[in-house]
Amino acid sequence: MAKPFNEASLWTLFSAGGVVAALLIPMQLFLFGVAFALGWLHAPSYEHLTALVRLPLVRLYLFVLCSLPLFHWAHRFRYTLYDGLRVKHLNEVIFTLCYGGAVAGTVLAGYLLWNWG
Amino acid sequence: MKQATINEAPVYTEFHPRWYRPHVSVYWWLGEWHYLKFILREISSVFVAWFVILTLAQLWTLRSGPESYARFQHWLQNPVVIAVNVISLFFVVFHSITWFNLAPKAMAVRVRGKRLPDILLSAPNYAMWAVLSVAIAWILLR
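As you go down the protein sequences, you meet chains F and R in turn. Sequential numbering of the first sequence, starting at 1, is according to the numbering used here. Sequential numbering of the second sequence, starting at 118, is according to the numbering used here.
Note that these hints are calculated values from the structure, not bench results. A few of these clues could be false.
Coverage of chain F stretches by chain R, computed from C-beta distances (three or more under 8 Å per stretch; other residues unrestricted) [claimed, not checked]:
| id | region |
| --- | --- |
| 1 | 17 to 24 |
| 2 | 28 to 42 |
Ranges between beta-carbon positions, derived for each pair [to be verified]:
| id | chain 1 | residue 1 | chain 2 | residue 2 | range |
| --- | --- | --- | --- | --- | --- |
| 3 | R | Ala220 | F | Val103 | 24 to 34 Å |
| 4 | R | Ala174 | F | Leu57 | 17 to 27 Å |
| 5 | R | Arg138 | F | Val107 | 34 to 44 Å |
| 6 | R | Ile170 | F | Thr50 | 16 to 26 Å |
| 7 | F | Val87 | R | Arg259 | 40 to 50 Å |
| 8 | R | Trp136 | F | Trp40 | 53 to 63 Å |
| 9 | R | Trp192 | F | Thr50 | 35 to 45 Å |
| 10 | F | Trp40 | R | Leu237 | 28 to 38 Å |
| 11 | R | Leu249 | F | Val87 | 32 to 42 Å |
| 12 | F | Val87 | R | Ala223 | 26 to 36 Å |
| 13 | R | Val128 | F | Val93 | 34 to 44 Å |
| 14 | F | Trp40 | R | Ile170 | 17 to 27 Å |
The beta-carbon is built from N, C-alpha and C at its ideal position, and this holds for glycine as well.
Bound conformation, chain F alone:
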């Protein structure tokens, strides 16, 4: 199978996504998924959030936050299936689903953020 990327560039994306995920996701997930949902902290208003997303720098941040961690997931999940469940024979299907998912998420993030209202 002709792969669109080589292993080294995929690993670089995995690694970059790992850094982004490690630094940024815990606090953001804690706030939106737990603290605001349980009412521990006052959730930011719709107006505050839309005002934030209108800033180009915030949109760039959100794009990176969505895209790179998906490539991190794709790489790691692929090897989890290979090694953890020992399903090497489905190699190409897994490869396509993982990176296809990451590309789809990136396109969706780009679509949502590119022309913000």
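Following the hints, position chain R against chain F.
For chain R alone, coordinates are given in the frame of chain F:
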């Protein structure tokens, strides 16, 4: 000399050689803490992907208007969703800690011939994590 080896008749063995391939169970990682930790670390990527899906849904509903976003917020308050997010939080923190602790293993920095202790290499990662987390909270809670 070379010519002679090429012209030699190939030697056939009577039996096909059998490779030594021990059978490895699908549950090989359950036996030992180190293996389990490895698999938990790998599984953390699923929760990273879950966070991205949540964020994309949040952006989608933010774009669709205040009512749509209010419905999304209400959905986030569902106990099942909160439970999933608490589990996800555990895994993404596990990812952060294992990722930051990897730095000294990936690069061995030597100063005057001596290897820097691991803590000096992972500490800046933790500091960066703290600064960015405070910044995110500050921007959102302002």
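Checklist entry - Which earlier hints can't be squared with this structure? => result Per hint list: single violation, 9.
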